[in-house]
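Undergrad: Letter by letter, the chains look like this.
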Amino acid sequence: MLRLEPRIRPSALVELATPAIAVLATILAGLVLFAALGKDPVEAVRIIFLDPLFDPYSRSEILIKSCPLILIALGLSFGFRAGIWNIGAEGQYVMGALAGGTVALAFHGAGGPWLLPLMALAGAIGGCAYALIPAFLKVRFNANEILVSLMLVYVAGLFLVAMVSGPLRNPQGFAFPESRIFDEAARLPTFGDTRVHIGIAVALLAVFVAHVVLHRHVFGYAVRLSGAAPRAAAFAGIDRNRMIYACLGLSGALAGLAGLFEVAGPIGQLQTSLPVGYGFTAIIVAFLGRLSPIGILFAGLVMGLTYIGGETAQFLLRLPAAAISVFQGMLLFFLLAFDLLTRYRITRTRSGPA
Amino acid sequence: MTALLEVRGISKSYPGGVQANADVSFTVEPGEIHALLGENGAGKSTLVKIIYGLVHPDAGEMRLAGAPYHPQGPVDARRAGVTMVFQHFSLFEALTVAENISLGMEKPLRTSELASRIRKVSEDYGLALDPFRLVGDLSVGERQRVEIVRCLLQDPRLLIMDEPTSVLTPGEVAPLFATLRRLAAEGCAILYISHKLDEIRALCDRATVLRAGRVVASCTPRAETARSLAEMMIGERLVEPPDHRFEPGESRLSVRNLDLPADHPHGTTLSNITFDLRAGEVLGIAGIAGNGQEELFAVLSGERRTAPDTILIGRRPAGRLGPNARRRLGLLAAPEERLGHAAAPDLTLAENAFLAGRVRRGLDRHGFLRFGRIEAFARDIIRAFDVRTPGTDAKARALSGGNLQKFIIGREMLQEPSVLVVNQPTWGVDARAAAAIRRALRELAGRGAAVLVISQDLDELVEISDTLAVLAGGRLSPQRPAQALGAEEIGRMMGGGFASDRREPADAAS
Numbered sequence: 001m002l003r004l005e006p007r008i009r010p011s012a013l014v015e016l017a018t019p020a021i022a023v024l025a026t027i028l029a030g031l032v033l034f035a036a037l038g039k040d041p042v043e044a045v046r047i048i049f050l051d052p053l054f055d056p057y058s059r060s061e062i063l064i065k066s067c068p069l070i071l072i073a074l075g076l077s078f079g080f081r082a083g084i085w086n087i088g089a090e091g092q093y094v095m096g097a098l099a100g101g102t103v104a105l106a107f108h109g110a111g112g113p114w115l116l117p118l119m120a121l122a123g124a125i126g127g128c129a130y131a132l133i134p135a136f137l138k139v140r141f142n143a144n145e146i147l148v149s150l151m152l153v154y155v156a157g158l159f160l161v162a163m164v165s166g167p168l169r170n171p172q173g174f175a176f177p178e179s180r181i182f183d184e185a186a187r188l189p190t191f192g193d194t195r196v197h198i199g200i201a202v203a204l205l206a207v208f209v210a211h212v213v214l215h216r217h218v219f220g221y222a223v224r225l226s227g228a229a230p231r232a233a234a235f236a237g238i239d240r241n242r243m244i245y246a247c248l249g250l251s252g253a254l255a256g257l258a259g260l261f262e263v264a265g266p267i268g269q270l271q272t273s274l275p276v277g278y279g280f281t282a283i284i285v286a287f288l289g290r291l292s293p294i295g296i297l298f299a300g301l302v303m304g305l306t307y308i309g310g311e312t313a314q315f316l317l318r319l320p321a322a323a324i325s326v327f328q329g330m331l332l333f334f335l336l337a338f339d340l341l342t343r344y345r346i347t348r349t350r351s352g353p354a
Numbered sequence: 001m002t003a004l005l006e007v008r009g010i011s012k013s014y015p016g017g018v019q020a021n022a023d024v025s026f027t028v029e030p031g032e033i034h035a036l037l038g039e040n041g042a043g044k045s046t047l048v049k050i051i052y053g054l055v056h057p058d059a060g061e062m063r064l065a066g067a068p069y070h071p072q073g074p075v076d077a078r079r080a081g082v083t084m085v086f087q088h089f090s091l092f093e094a095l096t097v098a099e100n101i102s103l104g105m106e107k108p109l110r111t112s113e114l115a116s117r118i119r120k121v122s123e124d125y126g127l128a129l130d131p132f133r134l135v136g137d138l139s140v141g142e143r144q145r146v147e148i149v150r151c152l153l154q155d156p157r158l159l160i161m162d163e164p165t166s167v168l169t170p171g172e173v174a175p176l177f178a179t180l181r182r183l184a185a186e187g188c189a190i191l192y193i194s195h196k197l198d199e200i201r202a203l204c205d206r207a208t209v210l211r212a213g214r215v216v217a218s219c220t221p222r223a224e225t226a227r228s229l230a231e232m233m234i235g236e237r238l239v240e241p242p243d244h245r246f247e248p249g250e251s252r253l254s255v256r257n258l259d260l261p262a263d264h265p266h267g268t269t270l271s272n273i274t275f276d277l278r279a280g281e282v283l284g285i286a287g288i289a290g291n292g293q294e295e296l297f298a299v300l301s302g303e304r305r306t307a308p309d310t311i312l313i314g315r316r317p318a319g320r321l322g323p324n325a326r327r328r329l330g331l332l333a334a335p336e337e338r339l340g341h342a343a344a345p346d347l348t349l350a351e352n353a354f355l356a357g358r359v360r361r362g363l364d365r366h367g368f369l370r371f372g373r374i375e376a377f378a379r380d381i382i383r384a385f386d387v388r389t390p391g392t393d394a395k396a397r398a399l400s401g402g403n404l405q406k407f408i409i410g411r412e413m414l415q416e417p418s419v420l421v422v423n424q425p426t427w428g429v430d431a432r433a434a435a436a437i438r439r440a441l442r443e444l445a446g447r448g449a450a451v452l453v454i455s456q457d458l459d460e461l462v463e464i465s466d467t468l469a470v471l472a473g474g475r476l477s478p479q480r481p482a483q484a485l486g487a488e489e490i491g492r493m494m495g496g497g498f499a500s501d502r503r504e505p506a507d508a509a510s
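Chain order of the listed sequences is A and B. Just so we're aligned, residue 1 is where the first sequence starts under my numbering, counting upward by one. Just so we're aligned, residue 1 is where the second sequence starts under my numbering, counting upward by one.
Simulated from the structure, these hints should not be mistaken for laboratory data. A hint or two may mislead.
With beta-carbon atoms standing in for the labels, derived distance ranges [said to hold, decoys possible]:
#, chain 1, residue 1, chain 2, residue 2, range
1, A, Tyr344, B, Asp76, 26 to 32 Å
2, B, Gly372, A, Ala29, 46 to 52 Å
3, B, Gln483, A, Arg345, 53 to 59 Å
4, B, Ala59, A, Val14, 28 to 34 Å
5, A, Thr347, B, Met105, 26 to 32 Å
6, A, Pro6, B, Ala128, 40 to 46 Å
7, A, Thr347, B, Ala94, 31 to 37 Å
8, B, Gly372, A, Ile294, 50 to 56 Å
9, A, Asn144, B, Pro308, 32 to 38 Å
10, A, Ile346, B, Ala94, 43 to 49 Å
Heads up, the beta-carbon is just placed ideally off N, CA and C, and yes, glycines get one too.
Can you make the complete structure from the sequences, with help from the hints?
TA: In structure tokens:
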């Protein structure tokens, strides 16, 4: 019978290289998958992974896709390190977009340079408040934050539909369930003539700040200690309940901000098709980036690449849309599998249980 | 006559280059009580695991009653008549004694037959045991009896006992010894692992001393003193602890009528705890694990909160304060569990120094870590307490138990606490490090601090304490001068026999 045995000394080098190995393994498995779908596998992989890198338009689109992924994953990584599992970033993303978008709509025709910061603030508060619901239920009733936050995703989605079909619906929109197009004052400035918006700069800044906080500030220390040794954290005077509020609140705020950037950036209005799964994909990004801010930056770019390459492959090769989700799922699967194998080895036991 | 067990040239190293046993040879005669003696990490456990078939040696051979003996697993060992009682029992609390014993048997008997055999064996050997009681209702001593009876039902030729008395009250030790002597008289050999030298001198016929995986001596314990045995174990002369005299100062820590509910199903409820700890005093809290030590530690360190007035640090009500607020008031603490409670295994020593040293050592400014100061603090601890480590960036996990314990004790002591609370300061620590830790605790009290030591090691408490109290069933006995107490009286108190109020002792112990 096969058994997992911890390795005495997991190789630090291998541990660092696992994400790269996982990406390679995903590409290999992708070759098999695309061949099975009757497509030229090498061409498919080239279209998904290489072509976007050599095309300026695709490169800018990768940045746009990475922005929400990086922001959300950064927030999630703090909680994941501390053993607090926010699985509902998708819902917080929607609520942030709604809160910030509502501000944009409320000041329709009356905007100014103060409007965007106000929207960003509202977006962060919206996402944060929504994430504090599972936090409160966990602290007060010991309710599982994984389940509560996940279920609140669906509530948020339905709430969005209700709002854009009702109070926030565009009065001139022929009853389509979507809001007015935001005023120019409520749209994120872009770089040059690309669609790349200021949110990317904010995401980069967030990576830097998160890195500093994680490694140089007491809060980052508390997060790392809570995850590494919960009892030692209590002994160090770290209040578990405050940690739960802080980690969920922070990840909610960043997810909300990401949602607001999305509606104030590429989309430009509130619409029912807003939730496209960034909140869930960001979980993969967080782990692919080893829960470290710098790692998440790169992981977010890689994941953005698979989105853009996947879209191209969809219309060039007529790949089904689900293939790209399978692709992203495989990435997480391989990452977790290789993680396990760097820490454990498989042994064959001869006799029965000792 | 042929030896019962003959071990020849056994070597075993673990991946990572740890040589647990190197060319170990010794023999055990039938009917002999043979002690295996050595510091932690000397290789005792690996050796008995090899004999019991749990670990396979790299080299060497064993013979049992003259025949080659190479157990592939515990099943082989038991078939050959070798059984073992572990320090940590493997019993199911929700099952009865008979059911538990039946679980370990290769061919389970019918319950009635098994029960009568259990009764017979337990009467023969003076191990009172009711086969139909739930294990969850039994005391630790009774649970150990279940494990022993389980072994005896297999008619063993060799019984291995791993630190059997570490879980017993002094009153429970004597009956255990009587049982073991009786077994030996009937021809069963006993391999007895312990670090309690007085016990070994009282019980064992011969002793094999291990140091760093090798056999360094073989002796007749009765012909040795506890001190000479200890010196054989560590390979150098012991330094005496300094003589201490207790001059009580003002109260530094007062606990008044403290009640604390258990916070998990296996926890203990503390009731009506009252004591005074004065400057310059070392107060020892004796008692068997699970009688409220964890809870008492947590409520003193600030990890659990209580009514403000029940705990006074100096004159300040502190029951509601968290660990860092109490640190600011001068109360520091060192938990029992080194890895995971006192220190985070995967964090470096510097980060672990920050863990408890932040507020008193000013290791952060506006929340930002001051790496220079943190490094310096960690280096100070390493130097002052002779911690053997490659550097401050070594992970806590990489240190041996004794070295990490010195680091943890040092971390608290270098902050010059006015009150220090330690739980099991020398648990699992080798003799030399233990002596150093005890000396440091005494010196701290000598400088005027108040020290509270929770320990299960009575010898240790008698050695370092000025006053002693016993924790039993979540209640604390009156505080008494340590010198005036005999082992028998302490043992009686450990059983809860100090209840001077009108409550039933049985009620208090449940």
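Undergrad: Does each hint fit the structure? Answer for all of them.
TA: Hint check results:
no. : hint                              : result
1   : A:Tyr344 <-> B:Asp76: 26 to 32 Å  : holds, 27 Å
2   : B:Gly372 <-> A:Ala29: 46 to 52 Å  : holds, 49 Å
3   : B:Gln483 <-> A:Arg345: 53 to 59 Å : holds, 56 Å
4   : B:Ala59 <-> A:Val14: 28 to 34 Å   : holds, 32 Å
5   : A:Thr347 <-> B:Met105: 26 to 32 Å : holds, 29 Å
6   : A:Pro6 <-> B:Ala128: 40 to 46 Å   : holds, 42 Å
7   : A:Thr347 <-> B:Ala94: 31 to 37 Å  : holds, 32 Å
8   : B:Gly372 <-> A:Ile294: 50 to 56 Å : violated, 24 Å
9   : A:Asn144 <-> B:Pro308: 32 to 38 Å : holds, 34 Å
10  : A:Ile346 <-> B:Ala94: 43 to 49 Å  : violated, 34 Å
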